[in-house]
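Student: For reference, the chains in residue letters:
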Amino acid sequence: MSSSTSELVRVDETLWEIPASARRDMRVPARVFADRELLDAIVGDRSLQQLENVATLPGIVEAAIAMPDIHQGYGFPVGGVAATELPDGVVSPGGVGYDINCGVRLLALPLSEAELGPRREALVHELSRSVPAGAGKHGRLHLSPAELDGVLVDGPRALLRRGIGCEDDLEHTESLGRLDGADPDEVSLRARERGAGQLGTMGAGNHFVELQLIERIYDPAAAAGFGLAEGGLTVLIHSGSRGLGHQVCSDHVRTMDAAMVRYGIELPDRQLACAPASSPEGRAYLGAMAAAANFAFANRQAIAHGVRGAIERVLGSAVAAQTRQVYDVAHNIAKTERHRDRELLVHRKGATRAFPGQAVFIPGSMGTSSFVLAGQQGAMERSFGTACHGAGRALSRTAARKRIAGGELRRRLQAQGIVVRCLSNAGLAEEAPFAYKDVEHVVEVVQEAGLAHRVARLAPIGVVKG
Amino acid sequence: MHRFVEHTGEVEVDLEAASEAGIFEAALEAFAELTSTDGDREPAAHRIELAAPDRALLLADWVNEFVYLAEVADFVPEAVGAFELAGDRLVATVEGHRDHPRQLVKAVTLNDLELAEVDGRWHGRVVLDV
Chain A
229 MSSSTSELVR VDETLWEIPA SARRDMRVPA RVFADRELLD AIVGDRSLQQ
279 LENVATLPGI VEAAIAMPDI HQGYGFPVGG VAATELPDGV VSPGGVGYDI
329 NCGVRLLALP LSEAELGPRR EALVHELSRS VPAGAGKHGR LHLSPAELDG
379 VLVDGPRALL RRGIGCEDDL EHTESLGRLD GADPDEVSLR ARERGAGQLG
429 TMGAGNHFVE LQLIERIYDP AAAAGFGLAE GGLTVLIHSG SRGLGHQVCS
479 DHVRTMDAAM VRYGIELPDR QLACAPASSP EGRAYLGAMA AAANFAFANR
529 QAIAHGVRGA IERVLGSAVA AQTRQVYDVA HNIAKTERHR DRELLVHRKG
579 ATRAFPGQAV FIPGSMGTSS FVLAGQQGAM ERSFGTACHG AGRALSRTAA
629 RKRIAGGELR RRLQAQGIVV RCLSNAGLAE EAPFAYKDVE HVVEVVQEAG
679 LAHRVARLAP IGVVKG
Chain B
16 MHRFVEHTGE VEVDLEAASE AGIFEAALEA FAELTSTDGD REPAAHRIEL
66 AAPDRALLLA DWVNEFVYLA EVADFVPEAV GAFELAGDRL VATVEGHRDH
116 PRQLVKAVTL NDLELAEVDG RWHGRVVLDV
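Going down the list, the sequences are from chains A and B. Read left to right, the first sequence gives residues 229 to 694 (the working numbering). Read left to right, the second sequence gives residues 16 to 145 (the working numbering).
By construction, these hints were calculated from the structure, which means they are not laboratory data. Some hints could be false.
Computed list of lysine to aspartate or glutamate pairs in DMTMM-like fashion (alpha-carbon distance at most 25 Å, straight line) [claimed, not checked]:
#, chain 1, residue 1, chain 2, residue 2
1, A, K630, B, E48
2, A, K630, B, D134
3, A, K630, B, D53
4, A, K630, B, E64
5, A, K630, B, D29
All of these numbers come straight from a predicted model, not from anything done at the bench.
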């Protein structure tokens with residue numbers, strides 16, 4: 229089924245809509261936040277068709293929504309938002325994705341780039357030694373089954389007992405780092421096997437730990453509130469629930485694929501498999517998803533612990549102790565929220581919660597700036613309190629590898645003054661800056677649409693890539 | 016045979032073979048191409064037993080088994096040994112080696128999943144989350 233791009237209607241400068249009438253199976257319109265230039269890039273793959281498919285989900289309300297960083301994914305497009313009305317609207321594991329609670333955490337260091345001086349390379353090197361990266365890499369934390377259950381239920385709080393993180397970190401984490409309703413019994417043995425040794429590991433693909441310079445402040449008051457000042461340093465961590473979350477999604481997509489016939493649900497894509505949130509299958513997934521989300525918050529906490537360890541070894545214990553967490557935010561998750569007096573299950577697949585005043589982090593591509601935004605009221609009115617999550621891929625990995633060799637990219641980034649640590653040259657090439665949309669442009673559209681506004685721009689000075 | 020298809024976000028693989036069993040073999044070859052390295056090659060083999068309500072899901076489960084083995088056993092598949100496909104079941108032995116897989120594959124999605132016979136040739140498609 230092809231997408232109905234010919235029926236795209238411009239609603240305003242940054243919003244486009246495909247009406248629900250475009251396809252017989254659409255229950256609500258499909259809306260895309262983009263300007264003309266970004267839209268031209270978006271129609272180049274199948275992401276709008278996937279967004280229309282999302283609009284067919286039973287119980288979906290208002291619209292299937294896409295952020296300006298939308299690109300083709302599997303089932304849901306990446307950059308997609310769908311809210312279903314509880315109790316009987318559906319939950320779709322594919323609407324969260326395999327990397328449950330993939331997200332980003334920002335730490336602010338108590339020193340400037342000038343004060344870091346020539347120790348930058350040593351710090352990036354030490355970061356790369358402190359955070360295991362790559363496929364299947366095992367971390368240094370060994371959890372007994374009971375300890376893993378503790379992490380699944382309590383998230384990073386369970387790690388405080390081991391001296392990993394502090395109360396202040398939890399207070400600066402979305403949902404305080406713990407989703408209610410986590411049910412470890414719904415996390416399969418295979419999921420536990422895959423994830424048990426991976427706590428504190430980055431993974432691969434587009435995951436990274438990046439050392440950054442705060443190069444520009446746009447909103448001094450908000451920046452001060454987040455503890456950010458021009459010339460300062462930050463570390464941005466991007467990772468998720470690793471093999472545990474991947475397996476939770478696989479398990480529950482299969483369960484729902486089998487259950488849909490019982491609920492009379494027919495969908496245009498099997499990967500959208502879903503069940504009413506109130507059904508046994510829906511409740512089981514939500515319990516497992518919350519557990520995997522808590523694992524992911526704990527994973528980023530353990531990575532941050534590794535980062536603080538690296539800082540301590542290179543810059544001293546006082547600097548490590550004063551390295552604060554700005555915030556930690558998920559971009560693959562489903563959450564129960566109230567919007568306009570309705571209780572909704574908001575699926576965010578490659579999209580970030582952006583409640584008014586809340587910090588939102590938009591990583592750029594490797595070698596380009598990242599942004600700190602603050603959510604705005606417009607997001608509550610237009611996107612169920614959501615903004616984008618990144619620049620959004622524009623080129624496939626194969627196309628990126630054809631355009632540049634990893635070694636050459638490494639040299640170019642180093643010539644830009646960015647210290648790079650990456651296990652694989654091929655993996656590096658796949659994440660080349662030109663493989664992504666222009667993050668500044670994406671952020672500009674988000675701001676113009678009133679979803680979130682710019683607070684600070686962060687330039688990479690060191691990258692450790694998974 | 017297998018062919019990687021352009022996909023903005025993930026890895027899409029088209030499969031073609033003279034037989035249904037050949038599609039499963041082609042899927043293994045695609046996964047091996049993604050994950051294989053030039054490192055040490057300690058030989059290893061795994062027996063796989065699967066059951067699924069339809070053959071397309073069985074294909075997805077087959078590749079998901081490699082995802083699992085790559086992560087928990089550092090297993091990189093190279094070739095199908097014994098292989099039996101009957102009804103809703105598959106029993107096989109897969110030979111390969113132990114190594115750190117080059118590419119992380121998170122999962123096999125059900126997006127555009129296909130396994131069908133068209134004009135006497137078998138065709139399959141899987142989209143991998145990477």
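Student: For each hint, tell me whether it holds in the structure or not.
Tutor: Comparing the hints with the structure gives:
no.: 1; hint: K630/A <-> E48/B; in the structure: holds (17 Å)
no.: 2; hint: K630/A <-> D134/B; in the structure: violated (34 Å)
no.: 3; hint: K630/A <-> D53/B; in the structure: holds (21 Å)
no.: 4; hint: K630/A <-> E64/B; in the structure: violated (38 Å)
no.: 5; hint: K630/A <-> D29/B; in the structure: holds (20 Å)
Hint compliance for this structure: hints 2 and 4 are not met, and every other hint is.
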